[in-house]
Amino acid sequence: MNASQNNQLITYCLRLGDSSLVLGQRLGEWCGHGPILEEDIALTNISLDLIGQARAFYTYAAQIENKGRSEDDFAFLRDERTYFNLLLTEQPNGDFGQTILRQFLVSAFFVQFYSQLKNSKDSTLASLADKSLKEVTYHLRHSSEWVLRLGDGTEESHQRLVQALDELWNFTGDLFDMDELDAALIQAGIAVDLNSLRHPWMKTVKEVFQGAKLQVPENTYMIQGSRKGKHTEHLGHLLTEMQALPRAFPGAQW
Amino acid sequence: MSKILTKEFIFQLLAEIPDPEIPVISIVDLGIVRNVELENQKVRVNITPTYSGCPAMMAIQNDIVSRLKQEGIDDIEVRLVVDEVWTTDWINDAAKERLREYGIAPPEKTSTNKSLLTGKPKMVNCPRCGSPRTSLISQFGSTACKALYRCDDCREPFDYFKCH
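Chains U and W, in that order, are what the protein sequence lines are.
When you line the first sequence up against my numbering, it's residues 490 to 743, in that order.
When you line the second sequence up against my numbering, it's residues 1278 to 1441, in that order.
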């Protein structure tokens, strides 16, 4: 593999790792604050899966780069503009309904994404995808059951989901955004063509929304930019908190 | 250290190491230990995580190193590998029986439930009274690999080792 393809692969791994890490960090904010104990445990367990996935992608990136950077360096020593997580993953938790809806929209995407990535010509990415797929499938089942329950629940729970949908839907276009790096890696048989995921993702969303009595918004303006490291105002705050300790005490060890 | 190391011997040692979260089964029973490679006096143990974020991996690595050191083995490398994806199918039947005796309902054979959204939980028998009348309390239990159930006959709550 030549140097430029190596760099592309590193960035691709960072994009994947960043989305998992940022969503994992968001879910971790629920620790001790869940509406009931079981859901506190559920959200933090999902968080743990995602952070584990992020570690694997960062470790692989570090291995390809081979310059002595570690998974921690990638997580803690990069700024907002060099983070490539999907915009949806950084959106604030809001209430439980908003967290669940965000989880559902992202998990439905991850399930489709990893189902494809496991066929990647890059064997490490393929195995990581295979492993992640099992986990995100479970996350999807959990969150879709809650979307059904809340959407088709009381007037208030339904109203809150409608509100959450209003907050989050504009960021769903970003899930499928692609740039020249994607194009090059798709060409090489490594990356996933996100266009092919739109239809199956929408099918899952519609299926669950129908049961939850929610309408898929139409003709909405989509906010994009994660591929270029352009974020909403929320990511900076999240990173500030997440990176505080390693920034204040460089090289600190457990 | 004059003994000639064999893979079988190393495996015997590893089979004595309990899983940190579920002490009735060993890391070999669980299928976490994938293989052992020997190079002169160097021992390399390849392990794989159950779940990506399994917090016990570090403890398991440390346990492996300290158990092998007790036998005078010093040149040890524990590597995390993911080329084969862990599944509950790798847990052997004897270990499943020990899980049941311990109060954890063992995973059913062959893992992933294909139906994505409507996947009804499989029938899980109560590990205490054996009743098939059980209900799911929470999809996420005390560790990443378990879900929480309740027996509708003897009323005991119990952990179920999820199919994965």
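What the hints contain is simulated information worked out from the structure, not anything from laboratory work.
On a predicted model such as this, the values are computed, not experimentally measured, just so you know.
Don't take each hint at face value.
[As the list claims (entries may be wrong)] Taking lysine-lysine and the DSSO-like style, the derived pairs with C-alpha atoms no more than 30 Å apart in a straight line are:
1) Lys-1373/W with Lys-623/U
2) Lys-702/U with Lys-610/U
3) Lys-719/U with Lys-556/U
4) Lys-623/U with Lys-607/U
5) Lys-1319/W with Lys-1346/W
6) Lys-1284/W with Lys-556/U
Violating hint indices (sorted, rising): 2, 6
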